[in-house]
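K.L.:
Sequences and hints are given; from them, build the entire structure.
With the sequence shown counted from 1, adding 600 to any position gets you our numbering.
One thing to keep in mind: the hints can contain errors.
As the list claims (entries may be wrong) - Quick list of simulated restraints, FRET-style, between CB atoms:
| # | residue 1 | residue 2 | range |
| --- | --- | --- | --- |
| 1 | Asp663 | Ser757 | 56 to 62 Å |
| 2 | Gly782 | Glu865 | 23 to 29 Å |
| 3 | Asp729 | Pro786 | 17 to 23 Å |
| 4 | Arg687 | Gly731 | 35 to 41 Å |
| 5 | Arg783 | Gly869 | 31 to 37 Å |
| 6 | Gly731 | Arg629 | 42 to 48 Å |
| 7 | His678 | Gln829 | 45 to 51 Å |
| 8 | Ala763 | Asp681 | 46 to 52 Å |
Everything labelled a hint here was simulated from the structure, so no lab data went into it.
Cβ atoms here follow ideal geometry from the backbone N, Cα and C, with glycine treated the same way.
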Amino acid sequence: MIRRMRLLVTADLHYNHPRSRRLAETLIREMNSVPADVLLVIGDTASADGDALETCLGLFRFDGPKLFVAGNHELWTHGPDSYALLRDAFPRRIEAMGWHWLEDRPFTWGDFAIVGSIGWYDYSYAPPDLGIPLRFYQHKVSPGAAARLEQYAGLLSPGDDIAPAAMEICSRWNDGRFVKLGRSDPAFLDELLQRLAEQLHDVRSARHVIAAVHHVPFVQLLPPHARGQWAFARAYLGSARIGTTLLRAANLRLVLCGHSHLPAEADIGTVRAVNIGSGYRVKRYRLLNL
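P.N.:
Written as structure tokens, this is what we have:
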């Protein structure tokens, strides 16, 4: 007999952002009245060292299993080490609240298994027609912003590899200010993908696998192409390498993500992929009857 599952999912609550807290509280109250078997929260619940994160998660009134995946905003810190937050502090604190830290171990429910990862980026989604050299993406500052920030002036030399229009883009990706990994973004992604592959191997006997990844794993789930600062930000939305890792699992049925703040859905072969699309000013959740 197949055991069905009602999966209640949200992402990007951004609880300690001033434009977002009241909307997050309203959404959580609504979700608390929705009958479901399993609750899943996919990253960017709150930023900066965990206190607001615990406050936000404490608003959920849910008797069933509660699953949590971190996002990049969880790694923002006033301290020296975001990596330690992900590997040590947050797992202990989240599990102490009765939540399942999905990054470290899969969750099983009857015929279903759920794996999870923060995912990350390697700049491969960066639009090549912007004419912005790799060094700017690595420092998470656009050419126009680098020209106005003395500490990044060295990025402007040599200047012959910078498209003139790129100098009009003035943007910073704030992970560059608040995330302290002690390793490059591609190296961090490599590590995360290895752990994700291990999770998928561990659930190879499950009938149906669901993957929850904060960053965007498929180009089909990205926002439409934009200009200016939003085009620059595309580099940090995720990586197709996440999707490639996921699709190696023959029993993968559903992929859920967030991060971009825009809803999207696509069929990738036999896999359904859904971007929840919650953001600062519009909060969303999904109830999936599986």
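K.L.:
State for each hint whether it applies.
P.N.:
Hints versus structure:
A C-beta distance of roughly 60 Å is found between aspartate 663 and serine 757, which places it inside the suggested range of 56 to 62 Å. Range check, glycine 782 to glutamate 865: Cβ separation about 36 Å, and the 23 to 29 Å hint is violated. In this structure, aspartate 729 and proline 786 meet the distance hint of 17 to 23 Å, their C-beta atoms being roughly 22 Å apart. At roughly 37 Å, the beta-carbon separation of arginine 687 and glycine 731 lies within the given 35 to 41 Å, and the hint holds.
For arginine 783 paired with glycine 869, a C-beta distance near 32 Å keeps the hint of 31 to 37 Å intact. For glycine 731 and arginine 629, the hinted distance range of 42 to 48 Å is satisfied, since their beta carbons lie about 47 Å from each other. Taken as a hint, the range 45 to 51 Å is violated for the pair histidine 678 and glutamine 829, whose Cβ atoms sit roughly 25 Å apart. Between alanine 763 and aspartate 681 the CB atoms are about 36 Å apart, so this pair departs from the stated range of 46 to 52 Å.
In the structure shown, a violation is registered for the earlier hints numbered 2, 7, 8, in ascending order.
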